[in-house]
Amino acid sequence: MRRVVGPLLAVTVALVLADSAVVTLALPDILLNLHTSVAQVAWVLISFNLVLGLVAAPMAIGSGLVQPRILGAVGIALFAGSSAWCAVAGTIEVLIAARCLQALGGALALVGCLELLVAVYGERRGVATWVTAGVVGTAVGPVAGGLLTQAFSWQAIFVVQVPFAVLAVPAALAIATAPPLVQDRHRPAIRPNLTLALLSAALTAALFLLVLLLVQGWGHSPAVAALTVSVVPLAALAARPLARLLRPPPDVEVAAGCFLVAGGLAGLALLPSSNLAWTIAPQALVGLGLGLTVDRLTSQAMEMRLPRAQHAGWTIGARHLGVVLGLAILTPVFTADLQDAQVPAQEAITALVLDAPLQPDSKIAIAEALGAELTQQEGRIPDLHRAFATLDLDPSERPAAAALERELDGQLERAATWAFRDSFLVGALLALLALVTVVVPRRRSAS
Amino acid sequence: MTTRAQLLGLPAVAVALVSGVLAVQLNHGGGTFEPLAPADPCAERTVTAQAQGIDGLTERLVLLGLDGAGCRLGLSREALTLQLAQPGPRTDEEVDALRAGLLDAVDRMKEDGTLPPASELVDEAMDNADLNSFLEAAIRALPASVIDAALKTDDVLVNTIEDLDLRAVLENIDDQDELDAQMNAAVTQAVKDALLDRLRNLI
Chain S
1 MRRVVGPLLA VTVALVLADS AVVTLALPDI LLNLHTSVAQ VAWVLISFNL VLGLVAAPMA
61 IGSGLVQPRI LGAVGIALFA GSSAWCAVAG TIEVLIAARC LQALGGALAL VGCLELLVAV
121 YGERRGVATW VTAGVVGTAV GPVAGGLLTQ AFSWQAIFVV QVPFAVLAVP AALAIATAPP
181 LVQDRHRPAI RPNLTLALLS AALTAALFLL VLLLVQGWGH SPAVAALTVS VVPLAALAAR
241 PLARLLRPPP DVEVAAGCFL VAGGLAGLAL LPSSNLAWTI APQALVGLGL GLTVDRLTSQ
301 AMEMRLPRAQ HAGWTIGARH LGVVLGLAIL TPVFTADLQD AQVPAQEAIT ALVLDAPLQP
361 DSKIAIAEAL GAELTQQEGR IPDLHRAFAT LDLDPSERPA AAALERELDG QLERAATWAF
421 RDSFLVGALL ALLALVTVVV PRRRSAS
Chain F
448 MTTRAQLLGL PAVAVALVSG VLAVQLNHGG GTFEPLAPAD PCAERTVTAQ AQGIDGLTER
508 LVLLGLDGAG CRLGLSREAL TLQLAQPGPR TDEEVDALRA GLLDAVDRMK EDGTLPPASE
568 LVDEAMDNAD LNSFLEAAIR ALPASVIDAA LKTDDVLVNT IEDLDLRAVL ENIDDQDELD
628 AQMNAAVTQA VKDALLDRLR NLI
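Heads up: the sequence lines are chains S and F, in that order. For the first sequence, counting from 1, position 428 maps to 428 in the working numbering; every step adds exactly one. For the second sequence, counting from 1, position 110 maps to 557 in the working numbering; every step adds exactly one.
Since the hints were derived computationally from the structure, they do not count as laboratory data. A few of these clues could be false.
[What the hints assert, rightly or not] Listed next, with one range per pair, are the computed distances between beta-carbon atoms: (1) S/Ser153 - F/Ala486: 41 to 47 Å; (2) S/Ala400 - F/Leu473: 33 to 39 Å; (3) S/Leu391 - F/Asp640: 36 to 42 Å; (4) S/Gly62 - F/Val462: 42 to 48 Å.
[To be verified] Here chain S is said to cover these stretches of chain F; the calculated rule only asks that three of the stretch's residues, wherever they fall, bring their Cβ under 8 Å from a Cβ of chain S: (5) 452-461; (6) 524-533.
We put the CB at the ideal spot given by N, CA and C, even for glycine.
Throw the hints in and build the complete structure from the sequences for me.
If you want it as structure tokens, here you go:
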């Protein structure tokens, strides 16, 4: 029974925390499918993280009054039900409401699962399993979401969560536990939670912005984007062996991790071209940084602190409010930069069309088609292929027109990459702020 | 492992990795991957056209003229083109700058010897002109050397540009057929007027 129940609960923890970023790669599809705006679709991400961040600590504080198995089962059931509701949402408002409910269920499930995993595996291994499942979920979420969106649809992301969660409900109920008796009460660990919040904001930049750049800016499919960002979790796996090899003190490990995340984000801000290969090394730095920091900080925030669930609640709150902070800072920055990038992009397109080796009539026809396409896609990165597909050009002009289309796409990629630059730099700054919280000397406590 | 190595090992690796990645990226143009910057409209530019005859000449004139107008208005050629592509009335400043830019373009093409001789344009102009058949046949029969001696391309173009209703042309900028018709009519009229004028003088 332990063999089945433990992994099911760990998968549930991973699913809840994966939901923080799982829809990132599906946002362009949701945008089109639910006929909404960029600002509204961002709330599919923000709402989940905001609710989870706000309710996790109060839920955890109140959890001592209820049996963990009941708390866990109710939370998982609510999470499963609202995941199903997300999958059938027909409007953006319904989807956002369902995401809020999903986060509420997720918060209950996370708190309940922590106590249940401790009951199944014991204190040390139970907490470690809970922490690791969360890190794996966070890192793998965007990749899994992208692959599911590409293979099926954005709804599939929510559908696949339902059976796992449904199986986890009886698994939670099967564990006989009483609310833990707490003799000692410790204050929340402010420093690791603050570092975690800032780092989560920075990691949001890495994952959220990078997938947007890949899908919206460079026009890759969600599957290609998912495979590309899989570098982050793969590099995160290398962090433990590296730490074991060099055996740094915990604070040094976290500081180095923050520096690696900042360096990776600076690398993403300074991409030399839109070739996917250039994103690998910066992502590897981010992944290594993630692997060195998130589980270490989560452990620091919870280690030897009671009540356990309450400190888990503070940690979940810090992480997810950090994600919201990241989105709140970065969304206006990159949407404004994307807007600002329109003028240089249009001028570059105009220059290439004016100088194209085509007949004047063809140039005017192309300019008209491009103008119509740019007007239709106001505020988003346009799909120039549609403009070229509508043209009735002389066959002798087609090679030059095709070359022009490639050059114009290249200019759009340049403009998009340029537009994301400042946001990645802001993300790097957030990671450096996280580093500051680690290296600033602690106040000596009076003895 | 010593305490010092434990303290410095991982930070050293992190610094090396970050520095290495950023150095390689900057060496390959990282930070400069941005859209094509518009060229200075006041700097000399070489323009080419795929079209032949009057169309090709008009295209080169317009491309150079946009530069000249942009230079006067303090805008890039691209920014001016985008501005002119917007619907709405044109300002006197825009129209005057465009006319002056086109006249500059004629001077520039004359200076660098890229203006075609008038004889190369006459047949095409006659195809579009509504002349009586006797007069048309007479003009077509003229040897190229006579036409080139009697008719200077730059004079024809300057007359065309000065007589052209640029405001009307700009209003029809998104109606390709109307634009072609207006440009052809203006060039043809200028060629026709100049030729008739010379013929009258000869007679």
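Okay, the hints, checked on the actual structure:
no.: 1; hint: S/Ser153 - F/Ala486: 41 to 47 Å; in the structure: holds, 46 Å
no.: 2; hint: S/Ala400 - F/Leu473: 33 to 39 Å; in the structure: holds, 35 Å
no.: 3; hint: S/Leu391 - F/Asp640: 36 to 42 Å; in the structure: holds, 37 Å
no.: 4; hint: S/Gly62 - F/Val462: 42 to 48 Å; in the structure: holds, 45 Å
no.: 5; hint: 452-461; in the structure: holds (count 8)
no.: 6; hint: 524-533; in the structure: holds (count 6)
Every hint, counting from the list given before, is met by this structure.
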